[in-house]
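Using the sequences and the hints, build the whole thing.
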Amino acid sequence: MAFNSKIVFSHVSVSYPAASQPALKDFSIRLTNKHIIGIIGNSRAGKTTLCHLLAGTLPKMVDGEVSGHYQINQWSPQQDWGVYNHQTGVVLQDASSQLTSFTETVADELAFNLINRGIQSQQIKKKVRRVAQLFGLTNQLTLSPAALSGGQKQRLAIASVIVTDPAILIMDDPTSQMDPRGRQIFFHWLQQTTALVFITSYEVDALAEVADELWLMDKGQLVDHGTPFAVFNRFTSPRIKHPVCWQLAKKMGWVLPTDGQSYPVNYQQLEEAFHAAQDS
Amino acid sequence: MQLKIHNLRFSYPQQQFTVKADHLDLQPGLTAMIGENGAGKSTLFKLLGGLVTTHQGKITVDQQPLKDFLKTERARKIGLAFQDPDDQFFNSSVKKEVEWELRQLKVPAKKQSETVTAVLKETNLSQQAQQNPYDLSLSDRKLLSIATVLAPNPQIALFDEPMIALDWPSQQLVSHIFTKLAKRGHTILVISHNLDWVAQNVPQVIVMGRGKVIFAGKTRDFLHQPTLVKKSNLLLPKVTRLTMALGINPPQYRL
Amino acid sequence: MTTLTWFQRFDPVTKLLLILCLGLASFVIPTLTINWLLVFILFLLAISIGKLSSLVKILSFSLFFIATMIIVQGLVNPGNHTLLWRIEILNFYKEGVNYALLLGSRLLTIVLTTFFFIATTSVTENARYLESQGIAFKKVYMFISVCYILPQMMANLHQIKLAQRARGIGQQKSWLYRFKMLFPILVPLVVKTLDQAMTRAIALQLREYDNPQRQPQPLIHHYLLARFNHYLLSILIIMLGGMKVWLLIQK
Chain U
1 MAFNSKIVFS
11 HVSVSYPAAS
21 QPALKDFSIR
31 LTNKHIIGII
41 GNSRAGKTTL
51 CHLLAGTLPK
61 MVDGEVSGHY
71 QINQWSPQQD
81 WGVYNHQTGV
91 VLQDASSQLT
101 SFTETVADEL
111 AFNLINRGIQ
121 SQQIKKKVRR
131 VAQLFGLTNQ
141 LTLSPAALSG
151 GQKQRLAIAS
161 VIVTDPAILI
171 MDDPTSQMDP
181 RGRQIFFHWL
191 QQTTALVFIT
201 SYEVDALAEV
211 ADELWLMDKG
221 QLVDHGTPFA
231 VFNRFTSPRI
241 KHPVCWQLAK
251 KMGWVLPTDG
261 QSYPVNYQQL
271 EEAFHAAQDS
Chain D
281 MQLKIHNLRF
291 SYPQQQFTVK
301 ADHLDLQPGL
311 TAMIGENGAG
321 KSTLFKLLGG
331 LVTTHQGKIT
341 VDQQPLKDFL
351 KTERARKIGL
361 AFQDPDDQFF
371 NSSVKKEVEW
381 ELRQLKVPAK
391 KQSETVTAVL
401 KETNLSQQAQ
411 QNPYDLSLSD
421 RKLLSIATVL
431 APNPQIALFD
441 EPMIALDWPS
451 QQLVSHIFTK
461 LAKRGHTILV
471 ISHNLDWVAQ
481 NVPQVIVMGR
491 GKVIFAGKTR
501 DFLHQPTLVK
511 KSNLLLPKVT
521 RLTMALGINP
531 PQYRL
Chain R
536 MTTLTWFQRF
546 DPVTKLLLIL
556 CLGLASFVIP
566 TLTINWLLVF
576 ILFLLAISIG
586 KLSSLVKILS
596 FSLFFIATMI
606 IVQGLVNPGN
616 HTLLWRIEIL
626 NFYKEGVNYA
636 LLLGSRLLTI
646 VLTTFFFIAT
656 TSVTENARYL
666 ESQGIAFKKV
676 YMFISVCYIL
686 PQMMANLHQI
696 KLAQRARGIG
706 QQKSWLYRFK
716 MLFPILVPLV
726 VKTLDQAMTR
736 AIALQLREYD
746 NPQRQPQPLI
756 HHYLLARFNH
766 YLLSILIIML
776 GGMKVWLLIQ
786 K
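Chains as they are written, first to last, in my numbering: chain U, 1 to 280; chain D, 281 to 535; chain R, 536 to 786.
Misleading hints may appear alongside valid ones.
As the list claims (entries may be wrong) - EDC-like cross-link-like pairs, simulated, lysine to aspartate or glutamate; straight-line CA separation at most 16 Å:
#1 U:Lys60 x U:Asp80
#2 U:Lys241 x D:Asp476
#3 U:Lys60 x R:Glu743
#4 D:Lys376 x D:Asp415
Unchecked claim - Heads up, incomplete: computed chain D residues facing chain U, CB under 7 Å, no partners named:
#5 Glu316
#6 Ser419
#7 Ile444
#8 Ala445
#9 Trp448
#10 Pro449
#11 His473
#12 Asn513
#13 Leu514
#14 Leu515
#15 Lys518
#16 Val519
#17 Leu526
#18 Pro530
Unchecked claim - Derived coverage of chain U by chain R (criterion: at least 3 residues anywhere in the stretch with Cβ under 8 Å from a Cβ of chain R; other residues may be distant):
#19 84–98
#20 106–120
In short, the hints are calculated from the structure, not lab data. Yeah, the Cβ is synthetic: ideal placement off N, Cα and C, and Gly gets one too.
See below:
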């Protein structure tokens, strides 16, 4: 599938009041036709700041000084906020606080964005049932959101956002509290979506499977970017976790036949490298 | 020190969910408590830490009932770090936050400052010592909450999901700290659902499922029983899954 | 459908107006006995809705507060001259004690009516009703977020108390110690609750809570005589307000 997306960042910097260092320094990138962009990096890399810029919440709601120019598809998240926000779905780092807190049931919470958009109640019911099923919340529909576990709340926050089928998704570490099954369900769903996705995560294995572009950040700067394959093979510092595929292949000496020196980062590539090693 | 459970039953008022554990022995060393979301890990964690005492059955520390401990005594012997670090910070600097713990337990002043310096160095927070805890990144706040548990040097230390929100270098640092403490004879219990990490770092596991202990013993023994792993609803370590998919023998578990 | 209890037959605005009305009434009425009667009736109402454990908690806190007021006022009220009791070297005066009792009964009136409102009206019910009255959801949200910040703080409080107890607080019973230990609880409580409120405010904007397309949701209960109640209580409130102003001028 070809994705019609356009991402432009030109010399974007962000400083928070009373902070000694800028949170984002001269961030520039220009890309077209990307689908899932994984954003990785250690603490204080600027990942959350980048999410706030992409969501248009900075500087509109989060206090900070922003310079430079940035645009997603035809919109500027800052200037076209209303129209842009209608196209986006955002999952914040603290997912449980983004639930409304005044809905009595999980079903009501899932319906909230749809009600805001004035959608017919018949359709709301249908859509709510569909996302509940996608995110394994069907048995919880009549429970209070407050009664859910941390991982379930995160799944609820995501489901409540994607229920409107946003064209652009921005997710800040959305699986941090989920158990392995929950993560599996989430990343499997992510791969199927047709939205343009920006996702920060420490789950490098999952990102290497689903992302077609990876941004590696450090101390507010873009250190490297490209396909997960390119980034993980270029950047071999132990300060960044590498996918298990890559680690296993490196240990076993399974290189990809295409260039004879790079290691696979996802399962498909691993199989390729493994069979090449078997043949020789 | 040894934490023992005998015929433990606990449920929150007006809730169906019950945590059950007939026999459980927590020996010195590193143990992980694993299980899916809602398996009862955090509840058992609070019980073992002596923070919830309205249970049936017995929890003992070296044969002494945990219920009978004075609060200071309990806090000196058992340290706990909760999942959300923001439940605890109130001092104006990282240094004072760690110091507070020691003052509570009446540690002499000279020893206090030595310990604080050492603990901050160990958790890689020395440079942030004068900063306000709330100005730290989430990953560093998490490290700070671990530092506050380490400071009084408790014989038993329990951690609820310490790896969540930690970046990669900090995860390695914390793993290293846990292993070091275990080697020194401390009893360390860590809640996790990441079998990749557990398989590589933790020799003992307690597996929870629907409020019950479904396995307790060597990590390796658990990982070698596919039906149990399936029952726990967890996933085998990624490297095991990958090698199995390729049709070759998975690497031996180190622990 | 299950049958409604009597308090579910009244809409949230009626209940809110009732709080205002009774609160004002207790301020207008200078007689202690009538105020006590009012408190007694409200107490019976509060018992009738169940939820006794939370009622006991709230009342014990209020009574503790009132007891402090009686001691302070009984000892040092500027109007004190009729001796009531003498305990060792402490003289308690009638004027001060009466004044504290009157303030106390007013406080209880407000506490009990507010308890009645919160215990009988869910956030959803309240929000839907206000929205159905033509108030923009954004304003409704601001109103309810203020009303329900307390339950939210209670939930955080529970977690924070656990975390701080794990760090060894709470081993002494002295008042000074307890006072000092308020700090470790209050700071994280305020920071966390504010932080959550800010995140929520951002999230609600992202989730388009102020979209003009938003449709009010159907009401949860069918209410009795809502409009009539509103008019009646509003008129009463105006009258009571007028009386209070009149009494103030007369002084």
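Hint check results:
no.	hint	in the structure
1	U:Lys60 x U:Asp80	holds, 12 Å
2	U:Lys241 x D:Asp476	holds, 13 Å
3	U:Lys60 x R:Glu743	holds, 15 Å
4	D:Lys376 x D:Asp415	holds, 14 Å
5	Glu316	holds, 4 Å
6	Ser419	holds, 4 Å
7	Ile444	holds, 5 Å
8	Ala445	holds, 6 Å
9	Trp448	holds, 4 Å
10	Pro449	holds, 6 Å
11	His473	holds, 5 Å
12	Asn513	holds, 6 Å
13	Leu514	holds, 6 Å
14	Leu515	holds, 4 Å
15	Lys518	holds, 4 Å
16	Val519	holds, 5 Å
17	Leu526	holds, 5 Å
18	Pro530	violated, 10 Å
19	84–98	holds (count 8)
20	106–120	holds (count 7)
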